[in-house]
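Peer 1: Sequence:
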Amino acid sequence: MRWSEAFIPTLRDDPADAEAISHKLLVRGGYIRQLMSGVYSMLPLGQRVRTKVMKVIVEEIDAIGGQEFLLPQLHPAAIWEKTGRIESMADIIMSFEDNKGGTVVLGPTHEEIFATVGTELTSYKQLPQLWYHIQTKFRDEARPKSGLLRVREFTMKDSYTFDVDFNGLDIQFDRHFEAYKRIFDRLGMDVVAVHASSGAMGGTASIEFMVRSDVGEDEVAACTACDYAANVETARSTLAPIVDPEDDVAIERFDTPDVRTIADLESFEGGAAATQQIKTLVYVLDGELALILLRGDHALQEQKLQDATGSIEMRPAQPDEIRGLLGADAGSLGAVKVENVTIHADSELRGRRSMTTGANENDVHVRGVDVERDIAVDEWIDLRTVEAGEECPECGGLLEIFPAIEVGHIFKLGTFYADKLGLSVLDENGKAIPIVMGSYGIGIERNMAASVEANHDDAGIVWPRDIAPYDVVITVVRPDDERSTEVSTMLYESLIADGVEVLLDDRKERPGVKFADAELIGIPLRVTIGPRGLDNGVVELVERKSGDKREIAIEDAASNVMEFLGAT
RNA sequence: CGGGACGUGGCGCAGCUUGGUAGCGCGCAUCGUUCGGGACGAUGAGGUCGCCGGUUCAAAUCCGGCCGUCCCGACCA
1 MRWSEAFIPT
11 LRDDPADAEA
21 ISHKLLVRGG
31 YIRQLMSGVY
41 SMLPLGQRVR
51 TKVMKVIVEE
61 IDAIGGQEFL
71 LPQLHPAAIW
81 EKTGRIESMA
91 DIIMSFEDNK
101 GGTVVLGPTH
111 EEIFATVGTE
121 LTSYKQLPQL
131 WYHIQTKFRD
141 EARPKSGLLR
151 VREFTMKDSY
161 TFDVDFNGLD
171 IQFDRHFEAY
181 KRIFDRLGMD
191 VVAVHASSGA
201 MGGTASIEFM
211 VRSDVGEDEV
221 AACTACDYAA
231 NVETARSTLA
241 PIVDPEDDVA
251 IERFDTPDVR
261 TIADLESFEG
271 GAAATQQIKT
281 LVYVLDGELA
291 LILLRGDHAL
301 QEQKLQDATG
311 SIEMRPAQPD
321 EIRGLLGADA
331 GSLGAVKVEN
341 VTIHADSELR
351 GRRSMTTGAN
361 ENDVHVRGVD
371 VERDIAVDEW
381 IDLRTVEAGE
391 ECPECGGLLE
401 IFPAIEVGHI
411 FKLGTFYADK
421 LGLSVLDENG
431 KAIPIVMGSY
441 GIGIERNMAA
451 SVEANHDDAG
461 IVWPRDIAPY
471 DVVITVVRPD
481 DERSTEVSTM
491 LYESLIADGV
501 EVLLDDRKER
511 PGVKFADAEL
521 IGIPLRVTIG
531 PRGLDNGVVE
541 LVERKSGDKR
551 EIAIEDAASN
561 VMEFLGAT
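1 is the number of the first residue of the first sequence in my numbering; add one for each residue after it.
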């Protein structure tokens, strides 16, 4: 492509509405333009990168036996009703009424639809299967942000596996795990695989692939000593045991005027350290009030609560609901002797005694609480959010917590969809068995952006070879110089003949503008051709990533470019 | 959904407090001089000031409503 004929609208200034680096650079580099909140147009450069990201993914998924499909974006609402996800995903599902009055869902993902095709599977002999497609998804995110990182319309590669049993699923899951690692490596990103919550996917296990980044929306807890890593939504840690006094103390009420918080009670005369307090929260789980108990200094991890209870709708209770249930306001709540409501307690409270908590009467607390003796706990579960600096549950090392971008997510779905949509095959004995499914997603545009977040410098983007929009840019310093034009045209045509994707910067611009643009858009290799070098019979090769420059004899230019592209 | 900010040529912004019919930088066009790191000079094109309504002799500016965009939070496979 000749730059003089290309549409590459680069910008000198950062766009006013961009915050994330990838957002700024992709807009400034002429890759994307916003149409509305969370919806972007791919310009030619952007589309070239997008295509290459998809190519990398297709290669790696095909390599583990994937078969490419293309399923529709328009779905009948009825299918989504069958799995109940029209409810559980209601806040992000986009839908409309067609001319016949039927509700049409714009697909936010494709488990239901692949499963529907999968109903044609009838025999165990047909399994396993690995199906995938690359298709547009629509999700009405409450708050799109950071350019391509969080949008409402995007492309996703999603694959689905079908197996006769969980053993088969494990194999396909592991293959995806390895394929995904290869994909992210080729996209130029260091990923950490973390255990995650399966959320609304209805699955049994899932792994997220995370790239450390300040603009990431997820938080990862990772051990600095071993390879334990988990989304904070599921992360565990080991705490130093607390030894409570052995003697049996009785419960004792005491007045605590104006004490409303854990901190208040800590500093209150006759109060208690946060570690000696019980924090009592009231939640509404699928319409039912429930008490949540944690140690005073611990924070509730809502995702853990949701996962452990299997509830779909979850929210903190309103003040009037709390008063109706316990007869006091938040700040004076406790679970001692409370009945007729489910009590979920964090495991760290188990066996604790001499604890202090609210008395369910404003301005009154009780001390001397023996958790197991005095509270009718229904369920002991892990509910707390881990903190940086705590001990790794695997090796005892230190945990750190950092923000990260979720670039991929793989799920063991199990038989959820088989049960809901009737997927089964006959086994060797002629007996119907449910098909065990897995699903595996990678967001294309998010990965483009995440790659930029991971691969840039002050001058602009530094694309990894596999997804750069062009392999090499030939910068013609003086397009009005006859020799320069001659040599650059020759090299341009020779490289094209060899299958190299080359951008020839033949614009009538000053050299500084051309250099700056080449660096902004991030082409891995630049060949600079100008009278100064040609006088000495050389052209200059500049590697974008390192900035390393080499002078090469004119006649060796093409072979050196080929070598660079083949080698590094 | 709660809180905050913003909306003025293609891009980035000023003007609004103290109403008088729009300006700067970049970019763009033409010409000339330049030319290995974002040149200079000259001339020029380009704007329903987000939309609707109100106040006023007069509204980018004041008032009301709406829409849109961004940021923080909530939410989020």
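Hints listed in this document are in silico derivations from the structure and should not be mistaken for laboratory results.
Hints should not be assumed to be uniformly reliable.
[As the list claims (entries may be wrong)] Using 30 Å as the maximum straight-line C-alpha spacing, the simulated BS3-like pairs for lysine-lysine come out as follows:
1. K55 - K145
2. K145 - K545
3. K420 - K337
4. K100 - K55
5. K24 - K420
6. K24 - K125
7. K431 - K24
8. K431 - K420
9. K82 - K125
10. K125 - K420
11. K82 - K420
12. K181 - K145
13. K508 - K100
Peer 1: Against the structure, test the hints numbered earlier, and report the numbers of the ones violated in rising order.
Peer 2: 3, 4, 5, 6, 7, 13
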